[in-house]
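In order, the protein sequence lines correspond to chains A and B.
Per the working numbering, the very first residue in the first sequence carries number 421; after that it's consecutive.
Per the working numbering, the very first residue in the second sequence carries number -9; after that it's consecutive.
Treat the hints loosely; a few may be bogus.
What the hints assert, rightly or not - Derived SDA-like pairs: lysine to any residue, alpha-carbon spacing no greater than 25 Å straight-line: (1) Lys586/A <-> Ile(-5)/B; (2) Lys586/A <-> Met421/A; (3) Lys452/A <-> Gly83/B; (4) Lys452/A <-> Tyr99/B.
Treat the hints as calculated values from the structure; they're not laboratory data.
What you are looking at is a predicted structure, and each value in this text was computed from that prediction instead of being measured.
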Amino acid sequence: MARIIGGLGSPHAPSIGALIDQGGWDQPEWKKLMDGYRPMQDWLEAHKPDAAILIYNDHVTSFFFDRYPTFALSVASEHPVADEGFGPRPLPPVRGDSDLAWHLAHALVEDEFDLTICQDMPLDHGALTPISAFWPNHANGWPTAIVPIAVNVLQFPVPTPRRLYKLGQALRRAVESWPQDKTVVVLGTGGLSHQLHGERFGFRNADWDHEFLSLLETDPEALASLRTQDYIERGGAEGAEMVMWLAMRGALSGEARKLHVNYHGPLHTGFAQILFEEPAAVIA
Amino acid sequence: MVRQIDPERLPAGTYLNTGQAANRALRVNRLCYDLKEPANRAAFEADPEALMARYDLEPEDRQLIRDRDWLGLVQRGANVFPLLRLSQLCGDGLAGTGAQMRGETLEQYLATRQAKGS
Ligand SMILES: [Fe+2]
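So here's chain A without its partners, still in its complex pose (with noise of 0.2 Å):
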């Protein structure tokens, strides 16, 4: 049986991809926040995870709103690197893992998740950030296989905190019915809080964000009761994007710990790590 060992949160600014690639690891302005990468790099090379179910958002790069879906899984056993529109990033193509995906498909559709199922799926920043961020030796390829799942938090009716905690729970189940012996950890992304359009720009509530991230260890059920409205008005309207962590903690066991958070919002976006490790770690 296949089994969830942890669960990583990270934000997928574009501008920290831009970061890694010109090797910025140490530039002292965003220290702070790429020092906070260290700990889940080193807990994923200890324990190297054979998949990482990734919940990101894409950015009007492989959906386009002619036809948008709410949850998209991706099947395929390759990703390319997409341009954005101003040439793909310099990154090798994300290797995915069709039969752990294909399970998915038909364990969430029979646990009443009708995701739409894509099998030519390029990854923009949404995924390529935190991935690049999380696994910082990839020139050569990528350790673990992605399955990347976007959500729809871009064109409302955005489906609601409460269904993303649930997608995690069903994700949770999905894995634990996987009848293969392998180790997979579950990625949140986006957020926290910011908002980059109308004359709300630039909106960030820190004081919010910690709230989130203590509620997130302590009482992620409190998470998922607010409204979407809460979100917005809290954390800013592109910063509701956050409920995509609540996906992420729906995974884990009620045994699952927090070994580390960092925070660092100095310009647009309120930027937080963290990670959770479950039981099944440690006995691995």
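Starting from the structure of chain A, add chain B with the ligand where the hints point.
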């Protein structure tokens, strides 16, 4: 059932990507979306009017693009992520695009921040 959004009580300066505004903005959004193709970026730089003609834009939208009026485009329903392809192609980075939407200069906006990077 809990109502998730109160459209009439959104924070000021927030424009939700939904409803008739989203329908109306589909063509502008498509022009911006297609800028992920290098050939379309080159076409815009060579002759923006010719590229806009291909997308059957309304006169208001064409004028907002000519004016580099990012706030006006968002208010007409354009989504910020495709729009950033256009604004950055026109030389306004994320901070510059945002400063304009706030009604500030880039310097004024960055003065409200602890970091200066884009
Ligand atoms: Fe995002």
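>> Against the 25 Å threshold, does the CA-CA distance of Lys452/A and Tyr99/B hold or violate the hint?
In response: The hint holds at about 22 Å.
>> Please verify whether Lys586/A and Ile(-5)/B have alpha carbons no more than 25 Å apart.
In response: holds, 20 Å
> Between Lys586/A and Met421/A, is the straight-line Cα distance small enough, at 25 Å or below?
Replying inline: holds, 21 Å
>> With the threshold set at 25 Å, check whether the alpha-carbon distance from Lys452/A to Gly83/B stays at or below it.
In response: Judged against 25 Å, a Cα distance of about 23 Å means the pair holds.
In this structure, every one of the numbered hints holds.
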